[in-house]
Amino acid sequence: PPPPSPLPSLSPSPSFQLVDPSLFEEPLDDGCHASAHAEYWGGEATPGAAQPPDNVVATAADCCARCARAGSTACNTWTWDPVTRQCWLKKLSNPYQPVNINPAIAFTSGAVYPLQPRYVPPASGSRVNGSTSREDVSKSGSGVSRGGVDVSRSDGDGGDTSAPYCLHTMITSNGQPYMNWQTRVFHATWKKAALEPGSPLRHFTRVLHRTRDDELMHEVPTVRIQPTHAECDNGCDYSVKDRARAIARWSVTRDAQRCSHVLMAEADYLMVRSPPPSVMLAPGHSYGFLFGYIIPWHKDAMPASVEFHDVAKWGPMEDVPQSGNAPQAIHGDDLRRIAPIWADLVEFGETNAVVKRIFGWVRDMYAFDFAAVRTGLRVHYPPVPFNKLMVQPPADVRLGLGCLLHYTWGPIISDKDGKQLWRFDKRSLQGAPGSSSAFTALGEQPLPPTFDPTRGFKLQAGEVVTEEGLGLMRMMVETFNEAVRSLRKLPVGMQDMEAVVQARQ
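In case it helps, UniProt numbering puts the sequence shown at residues 1 to 505.
There may be inaccurate statements among the hints.
With a straight-line Cα cutoff of 20 angstroms, these simulated EDC-like cross-link-like pairs (lysine to aspartate or glutamate) come out [unchecked claim]:
#1 416 <-> 467
#2 313 <-> 333
#3 91 <-> 39
Hints in this document: simulated from the structure, not taken from any laboratory.
On a predicted model such as this, the values are computed, not experimentally measured, just so you know.
Put together the whole structure using the sequences plus the hints.
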């Protein structure tokens with residue numbers, strides 16, 4: 001193939017330098033995680049908690065302080081009534097639960113989360129290697145790397161506890177056009193976020209589980225892993241069935257050891273700002289995201305959950321996290337421990353009709369959660385708006401502390417008369433499954449309408465569109481369009497469509 005051209009970007013590539021967390025401006029966490037007009041569902045009142053009139057306190061902060069004094073074994077959520085000033089304490093089996101925020105709710109509520117121990121880098125491993133360029137291309141063994149980075153298997157067990165203190169973003173792909181345009185957009189937004197002062201972002205790798213190279217090899221830093229299911233090169237019944245095994249194999253390469261932590265992400269993300277260094281937790285802990293549809297102990301899920309999880313051996317089903325592999329900020333040593341077990345569970349699920357029927361397209365996410373329990377990994381996943389990784393418009397209406405936008409929900413906005421005004425659905429763009437197998441050159445997408453309370457905006461399921469929620473959707477499209485404008489029509493190294501076709505053969 002032709003030599004790579006200079007990589008177009010939103011801004012110059014970030015220099016590789018010492019990560020200084022003190023430069024990152026992060027809001028102070030007061031430990032209360034208060035939300036106005038909010039309430040946590042479920043849970044019983046804390047035994048021995050003060051009852052009226054003894055539960056009257058002056059402020060919501062005072063109510064939070066009462067919960068903290070009660071201790072984590074007695075209280076982890078609290079509710080304060082600003083009218084009566086009554087304070088109610090609760091103990092949920094899992095404090096990482098969605099908070100119901102609604103203008104009709106009069107209360108202010110919050111949660112006291114379990115301790116999230118920060119990673120303290122060893123003095124000898126805190127400096128990022130400044131000699132590596134992400135944009136040069138070289139071949140090494142059966143993988144493809146950038147900047148001469150060795151992708152061969154490391155010695156010993158693959159662990160490197162002295163890896164530089166930084167965050168290595170990793171996504172996976174089978175190289176289909178539908179995935180590739182998403183990858184190009186996400187990579188462009190990542191490069192801009194990596195320039196922020198104090199950002200821990202230093203490296204980006206696409207793990208390509210495919211039998212051959214594709215058209216993005218010169219544009220996006222890539223390590224290609226030979227897939228277990230070669231038929232997925234051209235589409236299969238479950239296109240991510242090779243994801244876990246590919247990550248397991250990548251995790252023991254030198255490329256995977258360039259940072260102390262890995263941020264597992266997906267192609268259909270937009271990075272609107274850098275994640276804070278505080279998502280990089282101590283070994284044995286990871287920072288993930290709460291997916292409300294992942295409920296291993298739900299009665300409908302239990303027939304499949306028991307196929308993965310032996311309560312007598314691995315503990316209560318309620319201890320299984322409601323998360324998934326992405327987004328997940330995880331220490332490299334933990335990734336190397338969990339990934340092979342996760343991959344084995346995914347393969348087991350592909351042979352189990354019950355798992356496939358009940359868990360469906362999220363079965364590899366469930367497999368990750370069950371693998372986390374088996375390895376003793378403690379996954380922390382505060383709900384939106386307190387999650388520091390991601391939000392999902394339009395299901396979420398505020399960015400909060402998030403840095404990633406997951407645009408999988410496909411919002412459609414109509415007016416009060418049912419007239420469709422706007423939509424943003426990745427599945428409607430060229431290159432989506434069933435539409436085209438050809439390379440897709442993206443264009444900018446239309447912005448949502450300006451908020452007008454008289455027009456009665458609503459989503460496809462009838463939910464009312466608020467001004468705040470509409471603002472988040474606008475941010476999503478503006479970020480998408482900014483990335484699209486930064487990209488060449490054809491990927492770096494591809495001079496014309498014939499070159500793209502040849503690269504895919």
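Find the hints from earlier in the document that the structure breaks and name them by number, from lowest to highest. 2
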